[in-house]
Amino acid sequence: MDFRLKAKEIRRSIIEMIGHLGVGHVGGSLSIVDLLVVLYYKHMRIDPKDPKRAGRDRCIISKGHSGPALYAVLADKGYFDKSLLLTLNQPNTTLPSHCDMNLTPGVDMTTGSLGQGFSAAVGAAKAAKIMGDGARIYTIIGDGESQEGQIWEAGMFAANAGLNNLIAFTDDNRCQIDGDTDDINRVEPLVDKWAAFGWNVIEVKDGHDVDAIDKAVTMAKRYRTRPTMVVLHTIKGKGVSFIEKMGYPNHNLNLSKEQVALALKELE
Amino acid sequence: MYENMEMRQVFAQELDRYMAADRRICVVDADLSKANGRSSLHKKYPDRAFNVGVAEANMIGVCAGLSSYGMIPFASSFTPFATRRVCDQIAVSCAYAKQNVKIIGSDPGLSAEFNGGTHMSVEDIGVIRSIPGIVIYEPVDNTQLVQAIPQIIDYYGVVYIRMWRKVTPDVFGPDYKFDLFKADVVNEGGDVTIFCSGMMVAKAVKAREMLAADGIDAEIVNVHTIKPIDRTTVVASVRKTGCAVSAENHNIVGGLFAALAEVIVAEAPVPMEAVGIRDRFGQVGKLNFLVPEYEMTEGDIVKAALRAISRKQH
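Respectively, the protein sequence lines represent chains A and B. The opening position of the first sequence corresponds to residue 1 in my numbering, with each subsequent residue numbered one higher. The opening position of the second sequence corresponds to residue 1 in my numbering, with each subsequent residue numbered one higher.
What the hints contain is simulated information worked out from the structure, not anything from laboratory work. Owing to the predicted nature of the structure, the values given are computational and were not obtained by experimental measurement. All residues carry an ideal CB built from backbone N, CA and C; glycine is no exception. Check the hints yourself; a few may be wrong.
[What the hints assert, rightly or not] Pairs of lysine-lysine, BS3-like flavour, derived with a Cα cap of 27 Å:
| no. | chain 1 | residue 1 | chain 2 | residue 2 |
| --- | --- | --- | --- | --- |
| 1 | B | LYS166 | A | LYS77 |
| 2 | A | LYS245 | A | LYS8 |
| 3 | A | LYS265 | A | LYS215 |
| 4 | B | LYS44 | A | LYS129 |
| 5 | B | LYS34 | A | LYS129 |
| 6 | A | LYS129 | B | LYS98 |
| 7 | A | LYS49 | B | LYS98 |
| 8 | A | LYS8 | A | LYS193 |
| 9 | B | LYS44 | B | LYS166 |
| 10 | A | LYS129 | A | LYS215 |
| 11 | A | LYS205 | A | LYS257 |
| 12 | B | LYS206 | B | LYS177 |
| 13 | A | LYS129 | B | LYS177 |
| 14 | B | LYS177 | A | LYS52 |
[What the hints assert, rightly or not] Which chain A residues face chain B? A few, computed with CB under 7 Å, are given here:
| no. | residue |
| --- | --- |
| 15 | GLU16 |
| 16 | HIS20 |
| 17 | PHE80 |
| 18 | THR87 |
| 19 | GLN90 |
| 20 | PRO96 |
| 21 | HIS98 |
| 22 | GLY123 |
| 23 | ALA124 |
| 24 | ALA127 |
| 25 | ILE130 |
| 26 | GLN147 |
| 27 | ALA154 |
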């Protein structure tokens, strides 16, 4: 599979989904697309026909507002009909802004209150160890989210518990709602912090380079003793130039019909 | 058979039995495993009884993750740190996410004694009660607790257990039959209903004896499960007696009094009086100082009962 083409397709789907309602979490959805493509189309052992299969690999999107990116992937994988994507945030939808495991087939954990999904991923990794089923737990946090104390509580425990089946990613797009992360409350140097917390750390300079992401995940799976944090340097709103240029204000965005058309044209 | 055993010992001993039979049951602590009597479980089941350190938010989050995998985790801490400190983790990762997490808070209300105001939860029931879908259970004695544990394991959902830690007097006899969702009529009576929970049940039973000396026949109802409250038993009792007293080791704001009032106002309005912590914080002290200081003695229950009876319309 050509991951680049697939990523473009997923980005189109996100723009259509959010564009249909005219508002949504655009920036942080677009910044994790390449990672989701590498995970869901190559590394994860999952079965869209049996979303709850015991012993499956899991992916917990701790930055739960990136739900639309996950929904686009899950629909494409066949977890549910693609036509549902246009129901995002409509009354009685199965696709809410923030990930909900009880509403959406294929969603592994309910998230949205930042920091909590990461703890849940640690708990799931621990459960996989208890069950001895060999499952891997993938989880995605944000750099802004890393200001939550719970991230570091969970990080400390995961390393001490030797959870080598836990592979985490920081979508390090350097933006948060109120501004640039460096201006609000700097979290860097993340690579040094995670190393100091006892994790294997892999830095991916271009967090949208699918080959580099693939290589990082392949390497992370080989580590035998500790959890791995892959720090992905990403761009919030990646793939649509006028959205990228906005910077942090693209977190939750109103999209006009004209903007949607412009974005889709760029993603052709 | 559990007389003179601490409740924490009994809880751990029973959990041990169920853990031996059911691999899904996990124990997660936040540096209070010894305080809550669970260190023996950590030794016996090192893979699924573990400590996350002084990190209650992560403890609850890890439990939610364990549950998402099909496990049945029992978290524990002192009541304030098991509830108000981790309110959002319980609300979002456990209750909203429909997980099967059991949370034990120990040393409720005044029983924190020398740990004082910071550790004395006056609000834990109120905090948890306002989150949709959580069962709140406050054991009375060991006889009741041992019957409650298997029902709590079998019930899928979030359960908050407000556990007395040390020795507590037996209220229930060997023939006692427990139902997690049904309040217990401990003694029948016709003049006033005393609804009570936790450590206040033994005091209510004594208050009943004191009232009987004055010819007053009080009904004692143990509301061990404060949510969902057993509306049927509550309403039937006040329809019979015509007035009510609540006796709780918690703020009367948001606790048992409030829970009862919500039912009684709607279904069978009668005069009600409250015994409990009257919207104050706790302080250091032994129970023999604190209970009178907070006007929560048997005598205070008697006075409240007399006030409630005097307000009945004849």
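Hint-by-hint comparison with the structure:
1. With a C-alpha separation of about 54 Å, the suggested pair B:LYS166 and A:LYS77 falls outside the 27 Å cut-off, and the hint is violated.
2. Restraint check for A:LYS245 and A:LYS8: the C-alpha separation of about 18 Å stays at or below 27 Å, so the hint holds.
3. As the CA atoms of A:LYS265 and A:LYS215 are separated by approximately 31 Å, the hinted pair breaks the 27 Å bound.
4. Distance hint between B:LYS44 and A:LYS129 is fulfilled; the C-alpha atoms sit about 17 Å from each other, no more than 27 Å.
5. Of the pairs offered as hints, the one joining B:LYS34 and A:LYS129 holds, with about 25 Å between alpha carbons and a cut-off of 27 Å not exceeded.
6. Distance restraint check for A:LYS129 and B:LYS98: the Cα-Cα separation of roughly 23 Å lies within the 27 Å cut-off, and the hinted pair is therefore satisfied.
7. Distance check on the hinted pair: A:LYS49 and B:LYS98 sit about 23 Å apart at the alpha-carbon level, within 27 Å; holds.
8. A threshold of 27 Å between alpha carbons decides the hint, and for A:LYS8 with A:LYS193 the separation of about 33 Å lies outside it, so the pair is violated.
9. A distance of roughly 23 Å separates the Cα atoms of B:LYS44 and B:LYS166; the hinted pair therefore holds under the 27 Å criterion.
10. Among the hinted pairs, A:LYS129 with A:LYS215 is consistent with the structure: their alpha-carbon atoms are about 25 Å apart, no more than 27 Å.
11. Under the criterion of a C-alpha separation no larger than 27 Å, the hint pairing A:LYS205 with A:LYS257 is inconsistent with the structure, at around 34 Å.
12. At most 27 Å may separate the alpha-carbon atoms for a hinted pair to count; B:LYS206 and B:LYS177 meet this at roughly 22 Å.
13. This hinted pair does not check out: A:LYS129 and B:LYS177 have alpha carbons roughly 38 Å apart, beyond 27 Å.
14. Distance check on the hinted pair: B:LYS177 and A:LYS52 sit about 38 Å apart at the alpha-carbon level, beyond 27 Å; violated.
15. Because the smallest distance between the Cβ of A:GLU16 and any Cβ of chain B comes to about 28 Å, over 7 Å, the interface hint for this residue is violated.
16. A distance limit of 7 Å between C-beta atoms decides the matter here; for A:HIS20 the minimum to chain B is near 26 Å, and the interface restraint is violated.
17. Among the interface hints, the one on A:PHE80 is violated; its C-beta lies about 19 Å from the nearest C-beta in chain B, farther than the 7 Å criterion.
18. The interface hint given for A:THR87 is broken, as the beta carbon of that residue sits about 20 Å from the closest beta carbon of chain B, more than 7 Å.
19. The interface hint given for A:GLN90 is violated, since its Cβ lies 20 Å from the closest Cβ of chain B, which is over the 7 Å cut-off.
20. A cut of 7 Å between beta carbons decides the hint on A:PRO96: the least distance to chain B is about 11 Å, and the hint is violated.
21. The beta carbon of A:HIS98 comes no nearer than 9 Å to any beta carbon in chain B, farther than 7 Å, and the hint placing it at the interface is violated.
22. At a threshold of 7 Å, the smallest CB-CB gap from A:GLY123 to chain B is about 2 Å, leaving the interface hint in force.
23. With its C-beta approaching chain B no nearer than about 4 Å, A:ALA124 sits inside the 7 Å limit, and its interface hint holds.
24. Here the hint on A:ALA127 is kept, as its CB sits about 3 Å from the closest CB of chain B, short of 7 Å.
25. Interface restraint check: A:ILE130 against chain B, minimum CB-CB distance 5 Å, threshold 7 Å, status holds.
26. Interface restraint check: A:GLN147 against chain B, minimum CB-CB distance 14 Å, threshold 7 Å, status violated.
27. Taken as an interface hint, A:ALA154 checks out: its beta carbon lies about 5 Å from the nearest beta carbon of chain B, inside 7 Å.
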